[in-house]
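S.K.: Given the coordinates of chain X, assemble chain A onto it according to the supplied hints.
These protein sequences, in sequence, are chains X and A.
Using this note's numbering, read the first sequence as starting at 2 and increasing by one per residue.
Using this note's numbering, read the second sequence as starting at 375 and increasing by one per residue.
Simulated from the structure, these hints should not be mistaken for lab results.
As the structure is a computational prediction, the values presented were derived from the model and not from experiment.
Where a beta carbon is used, it is the ideal one built from N, C-alpha and C, also for glycine.
Wrong hints could be hidden among the right ones.
Claimed, not checked - Footprint (simulated), chain A over chain X, 3 or more residues, beta carbon under 8 Å: (1) 48-61; (2) 101-108; (3) 136-149.
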Amino acid sequence: MASMPISFAALLDRPDIWRGQALSRGGAPTLPCGFPGLDAELPGGGWPAGALTEILPTHEGIGELRLLGPVLAGLSQRGLRLVWIAPPHLPYAPALAAAGIDIANLVVVRVASPKETLWATEQALASNACGAVLTWPQGAKYAELRRLQIAAEGGRAPAFLFRVPEAASESSPAPLRIALGTSDGGLAVRVLKRRGAPLAQPILLPSMPPAVRGKSHHVDRHPVASAAARDFSARLVHA
Amino acid sequence: MPQLPLEIFLRGSSTPEPFAVEERHCVFVCDRKASARGVRAGMAVAAALALAPRLRVALRDPATETEALLGVAGWAAQFTPGVALEFPDGVLLEVSGSLKLFGGLESLLERLRQGLAEMGWSSVLAGAPTPRAAFWFALVGKQKFIGESAELEPVLAALPLEVLRCNDETLAAFEAIGVRTLGELRALPREGVARRFGQGPLAELDRALGQLPDPRNFFVPPARFGAAIELPAEVTRAEALLFAARRLIVQLAGFLAARSGGVQRFVLSLGHRDKAPTEIAIGLVAPSRDAEHFTLLVRERFASLELAGPVRELALKADDVVPLPDRNLGLVLEQGKPPGQWEPLVERLRARLGSEAVCGIASRAEHRPERAGVIADAGQKRLQLDFGERPFWLLEFPRPLAEIGAVPSLEGPLELLVGPERIESGWWDGDDVARDYFVARMQNEALVWIYRERRGEGGWYLHGVFA
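For reference, chain X alone in the conformation it holds in the complex (with noise of 0.2 Å):
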């Protein structure tokens, strides 16, 4: 009888076969961000869909957004509807179209106080019925972000919750924790929790705009051979 030669690697790449160092695969699934760099170290090689995702930027403006930028754009361009929960701003869709992003299915929900933001959060995650939900809630507390995980579990849509980078030592029941902050110009992502192993440096993202990257005072921003980026010990992708 023949059997089938099976390579060992074909053999530690079965789902249910885990090895100490390597990242949750628990099946659960993920959309790709889009970043490779840093989709090799997010567990099931993306953003969880059906799961919280924190993200933690030390102060707007840094490119907090243009990280969401191509899981977005994927979403809207299948026709599913990205809803957006008490942003800070008015997101503007010139900008937003330009990134790739179908603003047709771009949904923006106004609230009055930070109970609505967390009720209307947990209503369309909920739902089910949402390509992606983003919302900015104001001092969430554990029990309130246990219900949100809870309403997102067994969903589709991927839950970005932006929160001040002070939250990042509180718990959360969010299996995933990001913290934005700068780093020679560019977006140092930190992950502060994941399943699987911890990571300890930071991913570093070129995140500007593309039409101003080339005007920075930094000289050398060439991703390779960046040797202020060896210096912070950090990974560097391209976008």
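M.R.: For chain A alone, coordinates are given in the frame of chain X:
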């Protein structure tokens, strides 16, 4: 529906006091709290009040009873087109053709029982090959189901004569000759019975046995839906009305299912004692007949409702019924949560947050930045435009920036990276702008979109954030 005369008063909410319905100064029917105190049907109202001093007594209201019966018939038409009314308190359904569709008799009965209970009606369900026999079983409180005509006769024979609903004198006359059951009546010589009591009782019995035809006029549901509940006590909190509203919503959903229709709008009106009723219109993004969804929307509206005054009556109206075919079920079950429906989510959000809270954004052929991106109805088609570098966030109102030594400043001096991009536009509508836009970097490396005003006093403004 043995409790119909009572339940038209009590189904909206419960009362702490015992309750009875009177007819000709006698108790016609009373609730459990009253019977626990010894109040019985047929008792004089004065005697009942002596037994239960806090007893609330309402006059029997045949018009409302009939309306309720019609409502139940309209709801029940979802199970079969053959619905007939048996006044004053019965509804007959011809279900032999519907059993398979609803998964057999037991499953159909369960749906009937549950639906009636949700509308606030207690019920006795019985079935037989003839409508007359089925109704008689229900009248004596027997939840009996007989499928074969051959089995009918012995069971009918045991029924008391009261099911004939003839007057008291006739009943007394039967009793005088020792006849108490239908079986004993049938055993008497037909001619003699016919001579003394008329053809009526015998003909009824023959119809029950299927030996005489018993044609029925089937009920035709009205084109519009309207139903109301009178509340036994005035309600002052909107949330407490949900209980009564739910009863009407279940009735509406059944009515719509019977018509294979849905509604896109329904109106709840709250009746007050001496004010015009409060009307609450509930709109839907797409037609629906889902009772759970309707209930959710009403709950959200009630949560934010300030009542104009105590509510005495609750009515539900739906005028425009549109066709809404049943959805075909997929052959293969999908894994995980099934994809949800978008419209109910939008309705829920709008019901609680206000209809302007949910909106889309749009791009317009316009050079002025604040006009190129606008709020639009969710899900509209938009045109795609090619602009220069634009920020993801736009401030609704440009914010003036401090200027330190001719350099604009926002938490420290700003470094201008790209610009100027001159935008001069809008001279034709009087809201013209003349600005030089720059992409600038803050000390903390955030990128912002700022402009220098070229008219009037000049100055720098923050207009966007490159998030």
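S.K.: Hint by hint, say whether it matches the structure.
M.R.: Against the structure, the hints come out as follows:
1. Coverage of the stretch 48-61 of chain X by chain A holds. Counting CB-CB distances below 8 Å, 4 residues qualify, and the rule asks for three or more.
2. Requiring three or more residues with a Cβ within less than 8 Å of a Cβ of chain A, the coverage given for the stretch 101-108 of chain X holds, as 5 such residues are present.
3. Closer than 8 Å: that is the beta-carbon criterion, and the stretch 136-149 of chain X has 0 residues meeting it against chain A, so the requirement of 3 is violated.
Checked against the numbered hints given earlier, this structure breaks only hint 3.
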